[in-house]
Amino acid sequence: MIIYLKNIWETYATVFEGMAITFSYLLQRPITVQYPDRMKESVPETLPEKYRGRLMVDTELCTACGLCAKACPIDVIEMKGGRAEGKKGLRLIYFNIYHGKCMYCNLCVEACPAEDGEEDEHHTAIYFKKNFEGSSYTLNGLVEQFIPPDEARRRLKESEEIAAKRAAAAAETTKNSEAKQESDKPKDGGDV
Amino acid sequence: MINLIYMFVFSLVYLLLLALTAGILTYVERRIAGRMQSRIGPNRVGIQGILQFIADLIKGVQKEDIIPADAYAFLFKIAPYLVFMGVFLTLVPIPFGAYTLMEDLDVGIYYVLAMASYVVIGLMIGGWASNNKWSLLGGMRSAAQKISYEIPAALGVFIVVIMSGSMNFQKIVAAQGASPVDWFVFRNPFTFIAFNLFFIASLAEGNRVPFDIPEAESELVSGYNTEYSGMRFLFFFLAEWGNLVVIGALVTCMFFGGGSFWYEWKISIPAPGRDPIVFEVLGFLWFLFKTFFFVFVIIWIRWTLPRLRIDQLMDICWKYMVPIGLISSLGIVIWMYFIPENSTIDRIVRLTLTSLGAITVLYFKYRVYKNLKITKATIYANPFV
Amino acid sequence: MNFALPLLEKLKQEMTSKTSEIIQADSKMPILKIEAKDIREAVKKLHDDPAFDMKYLNCISGLHLTQTKEDGTLDLLGFEVLYVFSSARDFSTIAVRVDLPEKNPAIDTIDDLYGSANWFEREVYDLLGVNFINSSDLRRIMLPQDWEGHPLRKDYKEQASYNGMPTTRPNEMESIRIE
Amino acid sequence: MSFYQELPENILVTNIDQLLGWGRKHSLWYLMFGLACCSIELMHTGGPRADLERFGSAPRGTPRQSDLIIIAGTLTYKMASRLKLLYEQMAEPRYVISMGSCSNCGGLFDKAYSVVKGVDQIIPVDVYLPGCPPRPEALLESLIFLQKKIQNEKFLRK
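Chain order of the listed sequences is U, R, W and F.
All the letters of the first sequence, read from the start, carry residue numbers 1 to 192 under my numbering.
All the letters of the second sequence, read from the start, carry residue numbers 1 to 385 under my numbering.
All the letters of the third sequence, read from the start, carry residue numbers 1 to 179 under my numbering.
All the letters of the fourth sequence, read from the start, carry residue numbers 1 to 158 under my numbering.
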């Protein structure tokens, strides 16, 4: 009988306590961050320093070495480099990132050798922006082309022309040298 | 004939008001739930999201009306309307004011209890006709639960009927007074028990948490309304929230003095020298205030307590509420025999119970304050964020 | 000192066929390698004999054994099924290994001795295609029932489409590649 | 010319379209279909900090009453038939958000034998959301993106 009454008392006491707790929450300010518009500061500003948002590439800094594409385990990066007029190294022809498949593993950033000398988090040519928005109505829209297609076609053409020119020049020199060798040296068959 | 037209117009107004109230209550509940969980709730549509229920309604009307191929189509179609009708019919004898009521029935409470069980038929039919095992289980549980909890509810009502000597709501309200000392809830210990019995049993009959096992999302997908979509589901939805108003109104009528507002409420005879319309309006507003306070309490309980298991549910009913109800209905008879109304003992008991209630409220305030202090939160009572 | 080793020695002595051998004797988990036809005898001993008292089956794992040849092709060497048992008495753990041939690998079930063996056996059957003879319920456990092939076999060829869903998808970047 | 063919040219229809679209877009009740790690973020989005319910999106347990299915996580072939069943049980209008790399195109399980390479091979997807997993705010952004799409739909002209 005592247990019976105690049960009833406990039911009321615990319900009372629980309702006091929820009522105290009713009087507090919600912690909701009203994301798109009603915020004091934008969400990327509040994110931690090493947060990996969208994968981006600095097309000026990039040396088109292709290490990031090789480092990527799931073929998210597709890029090609080529020669350009008046530039010493390689230049990007196209650089596409498939955001819809990327798993944000940071391997490409670790592989990137092109650095701008500063010590911020975006010091490599390929880096993670803090921005995370990027929904799309089509899967194709999740592929980001950092060099626009027209520009990429122009660059490809240019690099092909240069390559053809250089190949022709190289063929000329080898031909000349071969001819020279043939005329200069007698055949003795043993090359080093 | 004029009587018929009057009834038709009146019921149409009631219907629209009930639907509107239920709609706004869905929004209010979502906001309160949000604040209790430290979030906001719908606030994008209209000013602070007040049009949320209209958006839900427009979407619900557009939704495809699916009737499963193996369902019993006719019963499946009418079940939501039966449920809604059951809820709506319970409103008929409830006196919102001395004149603001549909029909002054002499067997008002009896009628309300009968019509409340009408809902069970709708839920059972809906659950069975869906041809879905979850729905069937939900319907069966609903029936079991409602039939079980009818008994404590009826015992609670029984005590009130004995106290007031009538089944007529007007007379029950008239038997109480305007001040808390005269309310049935603080009249004597047995009516206080009756209030607890009736309130808990109404929660169970309204399928509200902690007794919402017929539509437990986590175990029975959505219970009896698993297969319902679009408008038919909205009817279940409206019925659930309309039921809140009914429960609140019943509790107010039977235990909290109804619309008695600073004067002794005499049926149909306004006191000389007073404007009856002013008192009617004030009484109506006072009644609504009490009703919505209880609606708030029910919502508050829902977002506080976890759901019971079916065996715990039955335990509470048969092992606790029914014996206590039987004992107190015996007790009230003995009480009324030995202690006449307005005797000294009666007055002392009334005052003691009322002050106990006041102390509980104060202690509650202290607990809330302490909780706020523990969490080191500042008070932000503004409902809008 | 590894105290599973004496148990294995004892088990080896008590087996009727003397072809069993202990491998990895100096490692953390020595393994008794037995023939497929002796598995029920060995497991029964482990289960019933109070000297072993191995009442708990940790797992049954399977492996497809291969060897890469010099020209890069795979040499399929058959299957290995490893049973690991534990005793609740002194927490000793011992392992029994069976080698099965490449073609039609089959072994007697032990799920009448250990109830939990059924799920392990189903898993090995599902992913490697090892047939457990007289099993009470040998269905696929992880993959759908109408799946073709056993994916953890080294010579597994993925089906081109499953129930109308192609199992390969071209990379979206191929459609916009500039050539 | 029948009434229904004539109807779209009326200015009234566009207004009704806007009203219907307004109702639909602000009441996207979602069916929870968490499959893997993304579902944790989905739960977080429903939680206090991000609060999906601000946009009127309440979680529903049954497909009949939900308008939106958020596929969060790696979809395997065994689960694919279940997903298809759930999607077919949903009442029109229904929308699909594919959340995370795995449901977009298989993601890093691209070469796995058991993973469906993209949810759009089974059901039509309305919004693709990149991320592995996406932040709760990113899911909110995709919901707003979907709301834009719904607002621009023409329901009566179909």
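None of these hints come from the bench; they were simulated from the model.
Note that the Cβ used here is the ideal one computed from N, Cα and C, for glycine as well.
Do not rely on the hints blindly, as some may be mistaken.
Distance windows between CB atoms, simulated [what the hints assert, rightly or not]: (1) U:Pro36 / W:Ser136: 42 to 48 Å; (2) W:Ser136 / R:Glu217: 33 to 39 Å; (3) W:Asn131 / U:Asp75: 37 to 43 Å; (4) W:Ser116 / R:Leu20: 58 to 64 Å; (5) F:His44 / R:Asn131: 50 to 56 Å; (6) W:Asp26 / U:Pro73: 35 to 41 Å; (7) W:Arg177 / F:His44: 36 to 42 Å; (8) R:Gly46 / W:Lys157: 58 to 64 Å; (9) R:Ile24 / W:Ser175: 48 to 54 Å; (10) R:Met231 / W:Ser175: 22 to 28 Å; (11) R:Gly331 / F:Leu85: 40 to 46 Å; (12) U:Thr46 / R:Lys376: 17 to 23 Å; (13) R:Val9 / F:Lys148: 43 to 49 Å; (14) R:Met231 / W:Gly164: 50 to 56 Å.
The list that follows gives simulated cross-link-like pairs (lysine-lysine, PhoX-like), each with its CA atoms no further than 20 Å apart [what the hints assert, rightly or not]: (15) W:Lys157 / F:Lys84; (16) R:Lys365 / R:Lys376; (17) W:Lys28 / W:Lys44; (18) F:Lys78 / F:Lys111; (19) F:Lys154 / U:Lys70; (20) F:Lys148 / W:Lys154; (21) W:Lys69 / W:Lys44; (22) R:Lys376 / R:Lys290; (23) F:Lys148 / W:Lys157; (24) W:Lys12 / W:Lys37; (25) W:Lys33 / W:Lys10; (26) U:Lys157 / U:Lys40; (27) R:Lys77 / R:Lys171; (28) R:Lys319 / U:Lys6; (29) W:Lys44 / W:Lys18.
Only some residues are given here: those of chain R computed to face chain U with a beta carbon under 8 Å [stated by the list, open to error]: (30) Leu4; (31) Ile40; (32) Ala174; (33) Thr304; (34) Leu305; (35) Arg307; (36) Ser329; (37) Gly331; (38) Arg367; (39) Ile379; (40) Phe384.
Next item on the list: Find the hints from earlier in the document that the structure breaks and name them by number, from lowest to highest.
Entry: Violated hints (numbers, rising): 1, 5, 10, 11, 14, 15, 17, 19, 20, 21, 22, 23, 26, 27, 30, 32, 35, 36, 37, 40; every other hint is consistent with the structure.
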